[in-house]
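Quick mapping for you: the protein sequence lines, in order, are chains A and B.
Heads up: the first sequence runs through residues 1 to 153, numbered per my numbering.
Heads up: the second sequence runs through residues 1001 to 1723, numbered per my numbering.
Simulated from the structure, these hints should not be mistaken for lab results.
A quick note: this is a predicted structure, and the numbers were derived from the prediction, not measured.
Some hints could be false.
Claimed, not checked - Computed cross-link-like contacts, DSSO-like style, restricted to lysine-lysine with a CA-CA straight-line distance of at most 30 Å:
(1) B:Lys-1706 <-> A:Lys-104
(2) B:Lys-1497 <-> A:Lys-104
(3) A:Lys-66 <-> A:Lys-3
(4) B:Lys-1570 <-> B:Lys-1497
(5) B:Lys-1497 <-> A:Lys-66
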Amino acid sequence: MLKPILLVEDDKRDLELTLLALERSQLANEVVTVGDGAKALEYLRREAEYAGRPEGNPAVVLLDLKLPKVNGLEVLQAVRSDPALRAVPVVMLTSSEAETDVLKSYSLGVNAYVVKPVEFKQFVSAIADLGVFWAVVNEPPPGSVKGGRRYVS
Amino acid sequence: MNLPSPDFADCASEPIRVPGAIQPHGWLLLVDAGSGLPLACSDNAPPPSEWQDLLPRHAASLRELRVGEGPCFIGTAAIAGGDWDFSAHAIAAGIIIEFEPATAQPSLSAPIYMLARNVLPRLQEARSIDELAALAAAEIKALTGFGRCLVYRFNDEDHGEVLAEARDADHESYAGHWFPASDIPAQARQLYLVNHIRLIPDAHYTPVPLRALSGGLDARTLDLGFAALRSVSPVHLEFMRNMGTLASMSVSIVVHGRLWGMISCHDNHARQVRLQTRIACEHLGRLLSLQVAAQEESADAHARLELRQLTLRIVAALQDSDSSLQRLVSEEALLRLARARGAAVVLDDQCWTLGEVPEPGQIRALADWMAAQEVDMVHTDRLWEQVPELASCATAAGLLAISLSQVHRHLVIWFRPEFVRTIRWAGEPRKPDAADGRLHPRRSFASWQEQVRGRSLPWGQAEVATVHELRQALVEIVLRRAEEMAQLSEELARTNKELEAFSYTVSHDLRAPSRHIAGYVDLVLEDDAPQLSERSRRYLGHVKEAAAVAGRLVDALLEFSRLGRLALSKESVDTQLMIEELVTEMRLLPEGSRVQWECPTPMVPIWADAFLLQAVVRNLFSNAIKYSHKRESPRISIEPVSNAQGTGLQISDNGVGFEQQYVDKLFNVFQRLHQAEDFDGTGIGLANVRRIVERHGGTVWARGAKDEGAVFGFTMPRRGEES
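Can you build the whole structure from these sequences, using the hints too?
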């Protein structure tokens, strides 16, 4: 069975558009959505309402940078410092390419960093590319994190 | 008896207070302060039997005497067939009692009363120092009958300038003359300060030695500093005889503890001045001293008040205007403040002047000289001797300067021109040589003219004090400004930071809505196109386009904000290579393909952050293409720039240009001089250019004319020259 994709997004429009984009990329993976960083960590750690979910990490986490409660960078940091989670690919989604965010994300071990394009068509293709690459093509060996930066604009 | 020989190696070392002898016009006793027993006497004293009864009668008066006070008139006595006035004063060794032939009993016509009645009111009425001096000279002459009475004043170098003269026709005039400082040796000046009167009735006198009356006392060591009969230096007697003067008297004028001047009386013949008259003369000297002090103080206070008002005016003007120190030179008061003819304000390498000043190069040399002194303030009336670069500079023979900072070269300098003075010396002022191994006083008293060159009028105490005050005020202003600036720049830095954070957040948050608009419009257009009317599709197209424009604007704003925050990493950038790469890049653009590029070699290296420099040049290139590509034959040329500000590039095009009057607006964020329909762009490119160049400490410029192309350029400081 394919691993799910975890989408962490608080903005309902962005959520809808991202889901549409994922849908159009015709990925078979299940997409799990949560609305803030705390929920994302609960899901990953199988805590609280996610305590009963089946074992196993998602194929990729698509993580919005600006999130309520626990922001994207904090989630990333928590993931990378957790031995059980550190191998999970994390793709940061953000509205802008502010240098400090990029630098911090990479220093925290993000696998890719995507600035959401304004044009919807580009957005769809960016999300599709990401989904395909991380959910299908890339099968990271346990304990290793595949690096690489993708520009999408 | 060994009298001191006149063979002094140095006049100034002559022990004038202990000559061991007196003048013969009276006689002297030294008695023990406790017992009243005689210890020493002059050789001409009558035998003790004549006077030993006298002293016990005055024991009470004698006990009142204190060491360091001048002689006090004790009484008159008949001794050895004559009447004697005697006065006494205490010294360490005992009490000195001096006897002189008696004058008439003090009466209402005594000189001292005449003085109080007639002279004092007139002294008080005198309006100037010169008037005071003239009065004093005339009065002393009337009191003593000396053939010539001079009042002179010592200048800073102790030369005496004759202020007033009262004389008989048979005495040569010294009015307007100067007496060289060397005429009065230092220890004589010292004595004039404590003992205000000195009389020599006859320069041909034979000194009368002192002798001890009891064992263990050396009469030659007695301090006669206060003794009226003290025998004077043989050199001085020779001086008098050379001058043709047989009798002389001098009265000190002491102002604020300094020997201000002298009343000096001479006579061609021997002349006696009795005790009562001498007391009157001494009093006149003291009255004159008081009046001189009062006159000088009032003149000084007046001058200071006036100068202080000028200072306040200058400082107030500077404070109000909030402008730099250079503004000082626009205040005429600056010159009046120091009674100067020229002034300069030096701020590091820049200089502003007012009035008559030296050449800029000379002022620079002066600033160097001033800096080398490492003092807050300097003044001289003979600058040429001190700064060779200024020699013979007519506008600056005198200088008064203040330094306002220990770190920067911030100076205010006042100049006074050369003031050529002719001094009439009462004889050649240099001491004659001592060829025969013996010191002679000068022999010539013939008027001797000297032209003094290379000097300005000396700076007065009031001017120096005022300038000092001005310095304090300026330093305060400068310090306060620095504080305000520091505070301002702190605030500015904080505001800038806040602004950047704000613009970042805003652009970040603005980007999402434009994305959403574009996204949903796309979805509608894609999914529901068949149901939409042509008009709806057109409207939605506009919505999408507007969203895209908003998105681009936000991206540009983000970029602008990012440029302000990026750390600079400077290196020497090979602009040649960079330009070649960028031109290749530009040629690939649809608008850039037709452009004819002119880039001469070699280019200059620029000390900059390579990435940001590239952004600057790319912006300027795109700009040039944007406004010229619709021309018949678009042409863009690049030139290297190298000047005092640094190195840079200048990019000219033959495009539509702009109106020069709007040049200041060109570099502002979102400022456009052309309608958006005509030329694409967010209006942020040139703002970025300026931001980057200014972060490097450089300058940008633009020149243009409507339809005649535009020139944009920038320079960045060379390595190590960034401020």
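Against the structure, the hints come out as follows:
1. Restraint check: the Cα-Cα separation between B:Lys-1706 and A:Lys-104 comes to about 48 Å, which exceeds 30 Å; the hinted pair is violated.
2. Taken as a hint, the B:Lys-1497 and A:Lys-104 pair is honoured in the structure, with Cα atoms around 19 Å apart against an allowance of 30 Å.
3. For the proposed pair A:Lys-66 and A:Lys-3, the alpha carbon gap of about 25 Å is at most 30 Å, so the pair holds.
4. The suggested pairing of B:Lys-1570 with B:Lys-1497 holds, with an alpha-carbon distance near 23 Å, which does not exceed 30 Å.
5. A distance of roughly 20 Å separates the Cα atoms of B:Lys-1497 and A:Lys-66; the hinted pair therefore holds under the 30 Å criterion.
Violated hint: 1 only; the structure is consistent with all others.
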